[in-house]
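Asks: Each chain is listed here by its residues.
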Amino acid sequence: MMNAPIAKTVVSARGVDLTFETADGPVHALKGVDLDIAKGEFVSFIGPSGCGKTTFLRVVAALEQPTAGEVSVNGMSPDEARRARAYGYVFQAAGLYPWRTIGGNIALPLEIMGFPKAERTRRVREVLELVELGGFEKKYPWQLSGGMQQRASIARALAFDADILLMDEPFGALDEIVRDRLNEELLRLWAATGKTTLFVTHSIPEAVYLSTKIVVMSPRPGRISDVIDSPLPRERPLDIRDSPEFIEIAHRVREGLRAGHEEV
Amino acid sequence: MSRAGPVIILVAALFALWYAAAVPMNIREALTAAEREGVAVQPDTAVERRDANALGLVLANPGQIPDAWAQDRPRLPAPHQVAGELWQSVVMEEIEGRRGLLRSGSLSNRGLLLHAWITLSATALGFVIGAMAGIALAIGIVHSKTMEKSVMPWAIVSQTVPIVALAPMIVVVLYSVGLQGLLPKAIISAYLSFFPVVVGMVKGLRAPDAMQTDLMRTWDASGWQVLTRLRLPASMPYLFASMKIAVAAALVGAIVGELPVQGGGLGARMLAGSYYGQTAQIWAALLLAAALAAVLVAMIGGAQRLALRRMGGAA
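Protein chains in written order, with UniProt numbering: chain A, 1 to 264; chain B, 1 to 315.
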């Protein structure tokens, strides 16, 4: 292990299987997934579509029930963790409500969780500053660009200060330039908040640039084919992507993806 | 402004069509009246004319065409006759009539305004009941499979029963439990107007996609919170669209409800007009009902714009 070996395990999966029964027979979305994620880690899940990376995230979030195996989040079952509001979830689409202002959208989970009004206002302002959207509180989502909307949705996931951040291809719908910029920002955000982050992507550079740990997955059945602990320092300027270490990890990820494909 | 021209041409064409249609419709009566006054008409007996083609009669007696637009009891009154009747029954009756607004201080029961008011109050009450019932049913259907399976088929069946057949029964049943006056008509109105609201709102409440409901789930939101903060706001465009249909249906319901009740209203007025062959009176009531419907639909449209502007303006 690269990080401190005494780090507390936040997410732990043991022998997780998930089979969807469909009209065309059973689909093995996950098969025998074992994984430990320590507090403060940034873990990327990468793989082709159908490899179960999103499904695994949904299992952690208790949006899907595994058919076999054990998952624990903060020492609780995923459903208990959900009730304890242990994580913020960011989807591929920003999913902001068009009838609420940006501030109103970010306040929504706080309202639902029963935060008092003054506290809501304070937190909304705080997370908007954090994602560099200060001053956009009164704007409606349609008045913002796609990248800004996605930043607002990250702010929404951060607002109630859960210690785990689950991100399902949050920048998948954005163009390369915006994506680079948001990747940098996300790293800064992660350094500032220290949140354990699970990040689903299908971009190799994104996974290598962001992560302390890269989980390479392969499809049919969805399983983990490689887990790479990144030797890159936590402080990462964008041009680290031209360094030999970066290229070497990217190469290993690519190898893992290819191996997963050839086994089928 | 650029659209005014074509609109005027279209309306003028409709009026021209109306005037043209009134000629063959009324030519027999016009010829009979002319014959009585000693004018020579072709053919010259009513018996022969009875079997003749109406268009043929018009061509044989072009001199009587203006008479066809001036009959006392025309089969199809000409536009100016309907306009005259509207003017008489809406304005002059209140000014000059013995029971009019000026002399008696209340709307005349021989004028259209009182009847329009009676219909409007039944429509409004029925629409409110119907819309509320529709929203409540839709909420139930969206939240409960049992409700969906048990209520939806009946809601659909309810709309296949002709309302003219059902209205007298509703009136009789309600009368036997002591309800009369406005309420039975409002209930018939509600019966017609709840259905579009149910259909629209079931769709509207289900409009949020899986991601949005998942998001609510990750926040551990209660069913009530999901309803009030996600489903209801998301359903607003559907609600207003279905309410536009519902308010027009409510008006039809109120008018149909007035037929068996005979307690006044535009429906009663139309029925009386048909009893006494006062076609202009029927058409005047009809046009007023149409105008009422247009105003009601426009009011819902106005409320929609207001609501959507308050909800961010882009939706």
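Treat the hints as calculated values from the structure; they're not laboratory data.
Do not take every clue at face value.
Stated by the list, open to error - Which residues of chain B face chain A? A partial, calculated answer using Cβ under 10 Å:
hint, residue
1, 50
2, 52
3, 56
4, 211
As the list claims (entries may be wrong) - Away from chain B, derived, C-beta distances all over 12 Å, residues of chain A:
hint, residue
5, 86
6, 111
7, 143
8, 168
9, 202
Stated by the list, open to error - Quick list of in silico lysine to any residue cross-link-like pairs, SDA-like style, CA-CA up to 20 Å:
hint, chain 1, residue 1, chain 2, residue 2
10, B, 244, B, 125
11, A, 139, B, 229
12, A, 138, B, 159
13, A, 138, B, 149
14, A, 139, B, 124
15, B, 203, A, 139
16, A, 139, B, 150
17, A, 8, A, 194
18, B, 203, B, 178
19, B, 145, B, 311
20, A, 31, A, 85
21, A, 117, B, 162
22, A, 139, B, 206
23, A, 117, B, 149
24, A, 139, B, 151
25, A, 31, A, 12
26, A, 138, B, 233
27, B, 203, A, 98
28, A, 139, B, 311
29, B, 149, B, 206
30, A, 139, B, 233
31, A, 138, B, 153
32, A, 138, B, 309
33, B, 203, B, 176
34, A, 138, B, 203
35, A, 139, B, 145
36, A, 39, A, 232
37, A, 138, A, 103
38, B, 244, B, 149
39, B, 145, B, 244
40, A, 139, A, 194
Here a beta-carbon is modelled for each residue, glycine too, at the ideal position from N, C-alpha and C.
Asks: Next step is simple, just say for each hint if it's right about the structure.
Replies: These are the hints, each one checked on the structure:
1. 50: violated (66 Å)
2. 52: violated (66 Å)
3. 56: violated (64 Å)
4. 211: With a closest approach of 5 Å, the residue 211(B) hint holds.
5. 86: The assertion about residue 86(A) is violated, with a minimum of 10 Å to chain B.
6. 111: violated (7 Å)
7. 143: For residue 143(A), whose nearest Cβ neighbour in chain B is about 8 Å away, the distance does not exceed 12 Å, so it is violated.
8. 168: violated (9 Å)
9. 202: Label holds. Min Cβ-Cβ 18 Å, cutoff 12 Å.
10. 244(B) / 125(B): holds (15 Å)
11. 139(A) / 229(B): holds (19 Å)
12. 138(A) / 159(B): Given that 20 Å is the threshold and the Cα spacing comes to 45 Å, the pair is violated.
13. 138(A) / 149(B): With a Cα-Cα distance of about 43 Å, the restraint between residue 138(A) and residue 149(B) is violated, given a limit of 20 Å.
14. 139(A) / 124(B): violated (37 Å)
15. 203(B) / 139(A): Violated: residue 203(B) and residue 139(A) sit about 28 Å apart, past 20 Å.
16. 139(A) / 150(B): violated (44 Å)
17. 8(A) / 194(A): holds (13 Å)
18. 203(B) / 178(B): violated (38 Å)
19. 145(B) / 311(B): Answer violated: residue 145(B) to residue 311(B) is near 31 Å, above 20 Å.
20. 31(A) / 85(A): The given pair, whose Cα atoms are some 27 Å apart, is violated under the 20 Å limit.
21. 117(A) / 162(B): violated (53 Å)
22. 139(A) / 206(B): violated (26 Å)
23. 117(A) / 149(B): Given that 20 Å is the threshold and the Cα spacing comes to 41 Å, the pair is violated.
24. 139(A) / 151(B): violated (42 Å)
25. 31(A) / 12(A): holds (15 Å)
26. 138(A) / 233(B): Holds: residue 138(A) and residue 233(B) sit about 18 Å apart, inside 20 Å.
27. 203(B) / 98(A): Holds, because 18 Å separates the two Cα atoms, which is no more than 20 Å.
28. 139(A) / 311(B): holds (12 Å)
29. 149(B) / 206(B): holds (16 Å)
30. 139(A) / 233(B): holds (18 Å)
31. 138(A) / 153(B): Not OK: residue 138(A) and residue 153(B) at ~45 Å, beyond 20 Å, violated.
32. 138(A) / 309(B): holds (14 Å)
33. 203(B) / 176(B): Violated, at about 38 Å.
34. 138(A) / 203(B): Measuring from Cα to Cα gives roughly 30 Å; hence the hint is violated.
35. 139(A) / 145(B): Cα-Cα ~39 Å, so violated.
36. 39(A) / 232(A): Cα-Cα ~18 Å, so holds.
37. 138(A) / 103(A): Holds. Residue 138(A) to residue 103(A) sits at ~6 Å (cutoff 20 Å).
38. 244(B) / 149(B): At roughly 27 Å apart (the allowed maximum being 20 Å), residue 149(B) and residue 244(B) break the hint.
39. 145(B) / 244(B): Roughly 28 Å between the alpha carbons, so the hint for residue 145(B) and residue 244(B) is violated.
40. 139(A) / 194(A): Since the Cα atoms of residue 139(A) and residue 194(A) sit roughly 29 Å apart, the hinted pair is violated (cutoff 20 Å).
In this structure, the earlier hints numbered 1, 2, 3, 5, 6, 7, 8, 12, 13, 14, 15, 16, 18, 19, 20, 21, 22, 23, 24, 31, 33, 34, 35, 38, 39 and 40 are contradicted, and the remaining ones agree with it.
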